[in-house]
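Here is how the chains run, residue by residue.
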Amino acid sequence: MILLRNVTKRYPNGHEALSRINLSLDRGAMAFLTGHSGAGKSTLLKLISLIERPSRGQIVVNGQNLESLSARQVPYFRRQIGIIFQDHHLLHDRSVFDNVALPLVIQGYRQQEIARRVRAALDKVGLLHKENAEPVTLSTGEQQRVGIARAVVHKPAILLADEPTGNLDPHLSREIMQLFLRFNQVGTTVMIASHDLNLISSLGKPMVHLHEGRLQRREAEA
Amino acid sequence: MRRRRALTLPPVHARFQAYAINHLRALVFSLGKLYRAPFSSALTLLVIAVALTLPTLFHVVLDNLQQVSPQWSQTAQISVFLQDSVADEQLPALATRLAQRPDVAEALPVTRVQALEEFRAHSGFAEALDTLGENPLPPLILVTPALDHRSTAAMEGLVNALNNIPEVSRALLDLQWVQRLFSIMEMLQRSTLILSLLLSLGVLVVVGNTIRLDVQNRREEIEVAKLVGATDAFIRRPFLYGGLWLGLGGAMMAALIVTITTLLLSGPLQTLSQLYGGEWRIHGLGFRNTLILLGLGALLGLAGSWITVNQHLRHIEPR
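Protein chains in written order, with my numbering: chain A, 19 to 240; chain B, 214 to 532.
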């Protein structure tokens with residue numbers, strides 16, 4: 019599902035964020051990306067979601083060689099991916115419902131279909147009763163769950179999360195991770211960057227460790 | 214994973230449906246945004262309206278002048294002064310000859326004596342003439358050009374032709390003021406054109422600036438939208454509609470202002486035209502020109518936002 023071959027990312031200022039990364043994640047698998055901040059976790063996720071392009075090497079996601087995608091095709095490519103950030107990137111001028119609906123609105127779904135899917139996604143993250151709330155009135159954990167609902171509302175094949183529990187207490191973090199496990203169970207390929215080793219090592223999923231842009235060890239082949 | 218396939222776009226019918234839905238949403242959304250910020254929207258609309266009103270008013274004024282000026286040139290007469298050697302008895306025959314020309318409607322002979330009488334009656338130089346003893350005036354034929362030969366060029370041609378007749382000393386077109394008016398109007402026409410271009414540019418800038426602020430205010434939204442797979446067209450659309458509404462709204466206000474102005478002016482102008490013995494009414498913008506104004510306004514708004522959005526959208530990418 020996700021395949022990186024010899025991927026290097028060097029920024030214009032000379033900093034090499036990733037060096038010769040080889041990585042593969044099968045369809046329906048789930049893996050954690052660990053490492054200190056600055057180790058290149060975010061860069062790796064950005065390369066997979068085409069927010070950035072690699073300096074060298076090849077990335078294949080869901081059967082598509084990212085190199086061959088033109089700028090015009092990028093939006094359609096991104097619709098196969100759900101992305102979750104530490105900072106949830108919610109829009110504060112609209113309700114929870116409208117935030118979650120955004121990916122469907124963009125894809126031109128009909129209103130009834132949008133309502134049905136948004137409620138289903140909110141239900142999955144346990145926030146159905148908050149659909150009319152403003153994001154600012156929610157707790158940090160709830161905001162993160164809204165972000166997750168938005169990432170999964172269009173049923174993407176791949177879910178990428180960058181430090182999704184970074185701002186949460188251990189209890190909430192565990193809840194969020196359980197949520198990701200559940201999405202994985204229904205067939206979504208999941209890749210999560212996190213430095214919360216305590217939490218993720220208890221989940222029984224393979225971990226990939228990044229150190230200064232290099233892959234250090236792979237606990238188990240995903 | 215093993216299966217390599219190219220990224221395919223969604224099927225055509227689905228894309229078309231999504232396209233239509235997206236257009237409708239952008240349309241409603243952009244209108245709603247104007248409605249939610251009534252004060253700033255009204256200000257922007259007013260600026261655009263004023264910029265569109267000025268050239269439109271110029272145009273209406275010119276249009277009215279052009280309607281009226283043929284009436285003025287109808288009063289045109291060519292004074293054909295004859296050689297001193299032409300006797301009064303020859304006058305009627307000569308006048309008839311001139312009247313037979315296709316470009317002449319009427320030729321009225323005026324003898325030396327008649328001319329002197331008229332001059333004496335109107336000029337106030339009666340005593341001065343008396344001291345002269347001899348009649349200094351030449352015989353004269355007043356030529357009225359045919360109706361279809363009253364353009365400036367045709368009348369000039371006629372004057373030249375008349376000047377070439379041997380008995381004619383000098384043919385004078387008493388139309389210099391009409392020609393001046395025509396050249397003034399031509400100047401006004403060019404000024405209107407230049408003014409229109411400049412103020413159109415102004416509308417482009419005003420709309421562009423408004424949309425630019427809007428783009429900057431919604432930067433975060435644009436980033437998130439791009440992140441979840443919004444195409445550039447999707448993101449552009451509400452801004453384009455926004456520009457369109459601004460241009461169209463401004464044009465509607467301009468049409469209203471121009472109509473009110475012509476209504477306010479029509480009374481005094483009618484009085485004025487009656488004083489000049491004329492009978493003409495002020496012409497308003499008219500249906501066709503109103504449509505053109507609205508279309509141009511909408512087009513300018515659309516163009517202004519198009520230029521701005523394309524310029525700024527490129528720099529907003531998810532980080």
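What the hints contain is simulated information worked out from the structure, not anything from laboratory work. Just to be clear, a hint being listed does not mean it is correct.
To be clear about the criterion: a stretch of chain A counts as covered by chain B if any three or more of its residues have a C-beta under 8 angstroms from a C-beta of chain B, and this derived list gives those stretches [what the hints assert, rightly or not]:
(1) 140-149
(2) 176-185
(3) 194-206
One-sided and incomplete, this derived list gives chain B residues near chain A with beta-carbon spacing under 7 angstroms [unchecked claim]:
(4) N235
(5) L237
(6) A239
(7) E434
(8) V437
(9) G442
(10) A446
(11) F447
(12) L526
(13) H528
(14) I529
(15) P531
Beta carbons are placed, not taken as given, at the ideal position from N, Cα and C, and that holds for glycine.
Structure-based check of all given hints:
1. 140-149: violated (count 0)
2. 176-185: violated (count 0)
3. 194-206: Our answer is that it is violated, as 0 residues pass the Cβ test (under 8 angstroms) against chain B, missing three.
4. N235: holds, 5 angstroms
5. L237: Result: violated, 10 angstroms to nearest chain A Cβ.
6. A239: Result: violated, 10 angstroms to nearest chain A Cβ.
7. E434: Given a least distance of 5 angstroms, the restraint on E434/B holds.
8. V437: Interface hint status for V437/B: holds (5 angstroms vs cutoff 7 angstroms).
9. G442: Holds, because the Cβ-Cβ distance from G442/B to chain A comes to roughly 4 angstroms (cut-off 7 angstroms).
10. A446: Cβ of A446/B sits 9 angstroms from chain A, so the hint is violated.
11. F447: Cβ of F447/B sits 6 angstroms from chain A, so the hint holds.
12. L526: Result: violated, 12 angstroms to nearest chain A Cβ.
13. H528: violated, 14 angstroms
14. I529: Not OK, violated: I529/B not within 7 angstroms of chain A, min 13 angstroms.
15. P531: holds, 5 angstroms
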